[in-house]
Amino acid sequence: NAGVTQTPKFQVLKTGQSMTLQCAQDMNHNSMYWYRQDPGMGLRLIYYSASEGTTDKGEVPNGYNVSRLNKREFSLRLESAAPSQTSVYFCASSRDRTWDGYTFGSGTRLTVV
Amino acid sequence: AQSVTQPDIHITVSEGASLELRCNYSYGATPYLFWYVQSPGQGLQLLLKYFSGDTLVQGIKGFEAEFKRSQSSFNLRKPSVHWSDAAEYFCAVDVTGGGNKLTFGTGTQLKVEL
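In order, the protein sequence lines correspond to chains L and Z.
In this text, residue positions in the first sequence follow this note's numbering: the first is 1, and each later residue adds one.
In this text, residue positions in the second sequence follow this note's numbering: the first is 1, and each later residue adds one.
Hints may be right or wrong, so weigh each one.
Here are the computed lysine to any residue pairs in the SDA-like style, where the Cα-Cα straight-line distance is at most 25 Å [to be verified]:
#, chain 1, residue 1, chain 2, residue 2
1, L, K57, Z, Q45
2, Z, K101, L, G40
3, Z, K101, L, W99
Under 8 Å between C-beta atoms, here's a sample of chain L residues computed to sit facing chain Z [said to hold, decoys possible]:
#, residue
4, P61
5, G63
6, G107
FYI, nobody ran anything at the bench for these hints, they're computed from the structure.
Cβ atoms here follow ideal geometry from the backbone N, Cα and C, with glycine treated the same way.
Use the sequences and the hints to build the structure in full.
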């Protein structure tokens, strides 16, 4: 089925470890996004990529890096994980802008101990 | 700073009853407004959106929302709730004129009693 695929679905890290969350979409969308979801705080934008080759910071970029590998793939990297990064991470894509509507992946539940 | 507020954290309704979920935004002009729904363990799905025109917009799954400029509100409604509507609902705004920054509210968890 067409959509946004995130891997892994679950991950436990120790403080200080690094990891990369992978995201791929097969809808030929230009824009991709990374959000984190925390209880009582809704979804907060970490980084986004308006088009292949560009990335921009969102509301909570500290502690994260991103790579728009090609039009399909947008990865999120935690260089040195901290307990405050325990969260559910969602990748989304849109044809171009917010008005086009976002398609979300099913999320990655990350726990940092 | 612009923000979006969903005053109700949890709402419980009986199946077949009507539903209204509240959303207020703070922004000088009319932003792009959205409602998304998140079923358990899933990503979010777009229900409907508004920017201009008719202030009552229809969405998927029988949902509608009404924009009220005077109240800075964009409330989501459904005349008759089904058990499958149990989910978390998020109001979202884009104040960048249709850019790439969607700001979500904190969500309202809907429980449906049979």
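Q | Distance restraint between K101/Z and W99/L, which requires alpha-carbon spacing of 25 Å or less | A | This hinted pair holds, its Cα atoms lying about 10 Å apart.
Q: Would you check whether G107/L satisfies its interface hint, that is, whether its CB is within less than 8 Å of any CB in chain Z?
A: holds, 6 Å
(Q) Using the nearest Cβ pair, does P61/L come within less than 8 Å of chain Z? (A) Cβ of P61/L sits 12 Å from chain Z, so the hint is violated.
Q.
For a C-alpha distance cap of 25 Å, please report whether K57/L and Q45/Z respect it.
A. holds, 23 Å
Q: Please work out if K101/Z and G40/L have their alpha carbons no farther apart than 25 Å.
A: holds, 20 Å
Q) When the nearest CB of chain Z is found for G63/L, is that gap smaller than 8 Å? A) G63/L check fails; min Cβ-Cβ to chain Z is 19 Å, beyond 8 Å.
Of the numbered hints stated above, those contradicted by the structure are hints 4, 5, listed in ascending order.
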